[in-house]
Amino acid sequence: MSSKRLLAPALVVLIALACTAFYSTVAFAPRLLDGRAAGLPLALVVALVLFVGFFAATVIYMLAARDDAEGAR
Amino acid sequence: MTAQHVTAAVFFIGFVILTLAITAVASRRSGSTGAFYTAGGRIRGWVNGFALAGDYLSAASFLGAAGLYYSFGFDSTVYAVGTLAGWPLLMLLMAGRLRALGRYTVADVLAHRFPDRRVRLMTSLSSLTVTVFYLIVQMVGAGKLIELLFGLPYLAAVLLVGLLMVCYVALGGMLATTWVQLLKAVLMLGCGLALTASVLAYFGSPQALFDAAAAAVPARAIFLPSHALAKPVDVLSLGLGLTLGLLGLPHVLMRFFTVADARTARASAVWATGLVALFFVLNIVIGYGAIALLTPLAPYHDAAGKLIGGSDMAAIHLAHLLGGPTLEAWIAAVAFATILAVVAGLTMAGASAISHDLYAAWLRRGRADEASELRVSRWATVALGLVAIALSTYFRQQNIAFLLGLAFAISAAGNFPVLVLALHWSRLTARGAWWGGLTGIAASLCLIVTGPAVWVGVLGHARPLFPYANPALFAVPLAFAAAWLGSRS
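In order, the protein sequence lines correspond to chains W and H.
Position 70, counted from 1, in the first sequence is what my numbering calls 71; the numbers after and before it change by one each time, with no gaps.
Position 21, counted from 1, in the second sequence is what my numbering calls 33; the numbers after and before it change by one each time, with no gaps.
One thing to keep in mind: the hints can contain errors.
[Claimed, not checked] SDA-like, lysine to any residue: derived pairs with alpha carbons at most 20 angstroms apart:
1. H/LYS318 <-> H/ALA228
2. H/LYS243 <-> H/VAL466
3. H/LYS243 <-> W/PRO31
4. H/LYS243 <-> H/ALA233
5. H/LYS318 <-> H/LEU160
6. H/LYS243 <-> W/ASP35
7. H/LYS243 <-> H/PHE478
8. H/LYS318 <-> H/ARG408
9. H/LYS243 <-> W/THR26
10. H/LYS243 <-> W/ALA22
11. H/LYS243 <-> W/ARG32
12. H/LYS318 <-> H/VAL229
13. H/LYS318 <-> H/GLY469
14. H/LYS243 <-> H/PHE486
15. H/LYS318 <-> H/TYR166
16. H/LYS318 <-> H/GLN409
17. H/LYS243 <-> H/TYR480
18. H/LYS243 <-> W/PHE29
19. H/LYS318 <-> H/ALA226
20. H/LYS243 <-> W/LEU33
21. H/LYS318 <-> H/ALA231
22. H/LYS243 <-> W/SER25
23. H/LYS318 <-> H/PRO308
24. H/LYS318 <-> H/ARG232
25. H/LYS243 <-> H/TRP467
26. H/LYS243 <-> W/ALA30
27. H/LYS318 <-> H/LEU306
28. H/LYS318 <-> H/GLY163
29. H/LYS243 <-> W/THR21
30. H/LYS243 <-> H/ARG232
[What the hints assert, rightly or not] Covered stretches of chain W, as calculated for chain H (at least 3 residues, CB under 8 angstroms):
31. 6-16
32. 24-33
33. 36-47
34. 53-64
Hints in this document: simulated from the structure, not taken from any laboratory.
Even for Gly, the Cβ is constructed at its ideal location relative to N, Cα and C.
Given only the sequences and the hints, what does the whole structure look like? Please build it.
Structure, rendered in structure tokens:
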């Protein structure tokens, strides 16, 4: 299997892991989100990092699939 | 009617005239079923991206999210993370394959693999259930907004929205819906940016904003999950429902049939993800701005100390405070436009499920002519409008972001498991698809009805039969298990 074909499953697993980690923290250890990072509330910084990460995943996949003959169909 | 009402009315009427004009133009190009359902598959990637974001950024995303920040602080971000996570998953798991397989509706995707009539029936009913529940959310938001702005009775407000949505969809089809969504997405992002800029200009920096918000409600930890997210099982269930719910929303999935190929479908998903993410960032500033600025001000609260019009009106009050009646009227008009556009998209999906899947493919076994199918679609639009109006009166007291979570849970359990298995698992059988879909929709509906939102909030019982507000954690695995078991036997 080529690295391009592995990209989609890898990104799905990464997103699933990120969501599981975030919701598990909110559910079982919300105090871990307390505090500040770069002067902003840590909980919001974590959310912003996830927002950027989710968007980055779509861009990476689009660029990788752009030259894929199968993906063009 | 006050001067403020007149300003709001001018913006409202202006938007309605503009969108009806768009609908009139589109109606001339929507004569065939292909043009009516999917705009002939010729929508460009960026336009479809804006329309996807427009379909997705509903009353709940704007009014409900700001209201949730105002009432529960960080909880609103918890909702945003789950819903945004669905976008890359939608792109990775479905966008390209849907475009390659689909024709007009989600049921067409399954019918491509399983010609079994039961599967089409189940998928159509599942799509309809999700669509109707989602419609209720939008109608409740519209009713509250118009009630607050014009003093119109709630029922009159939802009737007005129902009438307009029937006009957009019955006359203009998917092309009109797409153009209205594009316009609405641009307006909504413009409003979000204007309100965010006003809040940041007032405070000078994000740090100062968050400090002021924390100081406004010293007794609450607004940067941590609230008591509403105290049950771990409920939180995990909410997260699962929000993340996977998007992947089963018929009105969002339908949009991937309106572009030319899989590559354009993926490009539109990238646009949509970026736009939705941007709007969620703006919501953080608007939400905490509302906490910091509105909390100490008595004129925005009633005698009981509640925000006038309910917490869902926080963004509207914030606009009034920072920009006076004109900005308030503008934001309210855009919020109204948002609701109308989303309602039009939803109705389009619901009407397609009735006319194309239930009538043409299931009842007439593919022998219906185009004219009768279009006629049924237009009558289905009217029927959906009436059902949504009737049901929205029962849910008017609920927070719309919370109601949205329930709609996502139904979608996550009813549509997503069967769709993702049909696209990626070669051993799924028609029997498995039937049982998976049926189990998902039945489980999610049963658990919602017996849960706190309906059993206590609507039916008035003292305690719920099912203790959790969000059913996805139970209903989604049940649907997958039923599909697997059904495919083995």
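Hint-by-hint comparison with the structure:
1. With a C-alpha separation of about 15 angstroms, the suggested pair H/LYS318 and H/ALA228 falls inside the 20 angstroms cut-off, and the hint holds.
2. Annotation: proposed proximity of H/LYS243 to H/VAL466 holds, straight-line Cα distance about 18 angstroms (limit 20 angstroms).
3. Distance restraint check for H/LYS243 and W/PRO31: the Cα-Cα separation of roughly 12 angstroms lies within the 20 angstroms cut-off, and the hinted pair is therefore satisfied.
4. A C-alpha spacing of about 17 angstroms is found between H/LYS243 and H/ALA233, which places the hinted pair at or below 20 angstroms, so the restraint holds.
5. Annotation: proposed proximity of H/LYS318 to H/LEU160 holds, straight-line Cα distance about 14 angstroms (limit 20 angstroms).
6. For the hint linking H/LYS243 to W/ASP35, the alpha-carbon distance of about 18 angstroms falls within 20 angstroms, and the restraint holds.
7. The straight-line distance between the Cα atoms of H/LYS243 and H/PHE478 is roughly 13 angstroms, inside the 20 angstroms bound, and the hint therefore holds.
8. Taking the CA atoms of H/LYS318 and H/ARG408, the gap is about 16 angstroms. The hint holds against a cut of 20 angstroms.
9. Distance restraint check for H/LYS243 and W/THR26: the Cα-Cα separation of roughly 12 angstroms lies within the 20 angstroms cut-off, and the hinted pair is therefore satisfied.
10. With a C-alpha separation of about 16 angstroms, the suggested pairing of H/LYS243 with W/ALA22 holds against the 20 angstroms cut-off.
11. Our distance criterion of 20 angstroms between C-alpha atoms is met by H/LYS243 and W/ARG32, whose separation comes to about 15 angstroms.
12. A distance of roughly 14 angstroms separates the Cα atoms of H/LYS318 and H/VAL229; the hinted pair therefore holds under the 20 angstroms criterion.
13. In summary, the hint linking H/LYS318 to H/GLY469 is supported, as the alpha carbons are separated by about 19 angstroms, within the 20 angstroms threshold.
14. With a C-alpha separation of about 15 angstroms, the suggested pair H/LYS243 and H/PHE486 falls inside the 20 angstroms cut-off, and the hint holds.
15. Between H/LYS318 and H/TYR166, the direct Cα distance comes to roughly 19 angstroms. Compliance with the 20 angstroms bound is thereby established for this hinted pair.
16. This hinted pair checks out: H/LYS318 and H/GLN409 have alpha carbons roughly 14 angstroms apart, not beyond 20 angstroms.
17. As the CA atoms of H/LYS243 and H/TYR480 are separated by approximately 8 angstroms, the hinted pair is consistent with the 20 angstroms bound.
18. Between H/LYS243 and W/PHE29, the direct Cα distance comes to roughly 9 angstroms. Compliance with the 20 angstroms bound is thereby established for this hinted pair.
19. Between the alpha carbons of H/LYS318 and H/ALA226 the distance comes to roughly 19 angstroms, so the proposed pair stays at or under 20 angstroms and holds.
20. Only pairs whose Cα atoms come within 20 angstroms are accepted, and H/LYS243 paired with W/LEU33 is accepted, the gap being roughly 17 angstroms.
21. The hinted pair formed by H/LYS318 and H/ALA231 meets the criterion: a straight-line CA distance of about 17 angstroms does not exceed 20 angstroms.
22. A hinted pair counts as satisfied when its Cα atoms are at most 20 angstroms apart, and H/LYS243 with W/SER25 qualifies at roughly 11 angstroms.
23. As the CA atoms of H/LYS318 and H/PRO308 are separated by approximately 12 angstroms, the hinted pair is consistent with the 20 angstroms bound.
24. Distance restraint check for H/LYS318 and H/ARG232: the Cα-Cα separation of roughly 16 angstroms lies within the 20 angstroms cut-off, and the hinted pair is therefore satisfied.
25. Using a Cα cut-off of 20 angstroms, the hinted pair H/LYS243 and H/TRP467 holds, with the two alpha carbons roughly 18 angstroms apart.
26. At roughly 12 angstroms between alpha-carbon atoms, H/LYS243 and W/ALA30 fall within 20 angstroms of each other, so this suggested pair holds.
27. Using a Cα cut-off of 20 angstroms, the hinted pair H/LYS318 and H/LEU306 holds, with the two alpha carbons roughly 11 angstroms apart.
28. A threshold of 20 angstroms between alpha carbons decides the hint, and for H/LYS318 with H/GLY163 the separation of about 18 angstroms falls inside it, so the pair holds.
29. For the hint linking H/LYS243 to W/THR21, the alpha-carbon distance of about 16 angstroms falls within 20 angstroms, and the restraint holds.
30. Restraint check: the Cα-Cα separation between H/LYS243 and H/ARG232 comes to about 18 angstroms, which is no more than 20 angstroms; the hinted pair holds.
31. Only residues whose beta carbon comes within less than 8 angstroms of a beta carbon in chain H count, and the region 6-16 of chain W has 4; three or more means the coverage holds.
32. With 7 residues bearing a CB less than 8 angstroms from a CB of chain H, the region 24-33 of chain W meets the requirement of three and the coverage assertion stands.
33. For a cut-off of 8 angstroms, the count of residues in the region 36-47 of chain W with a CB near a CB of chain H stands at 6, and the three-residue condition holds.
34. Counting residues of the region 53-64 of chain W whose CB falls under 8 angstroms from any CB of chain H gives 8; the rule of at least 3 is met.
Of the hints listed earlier, there is not a single one the structure fails to meet.
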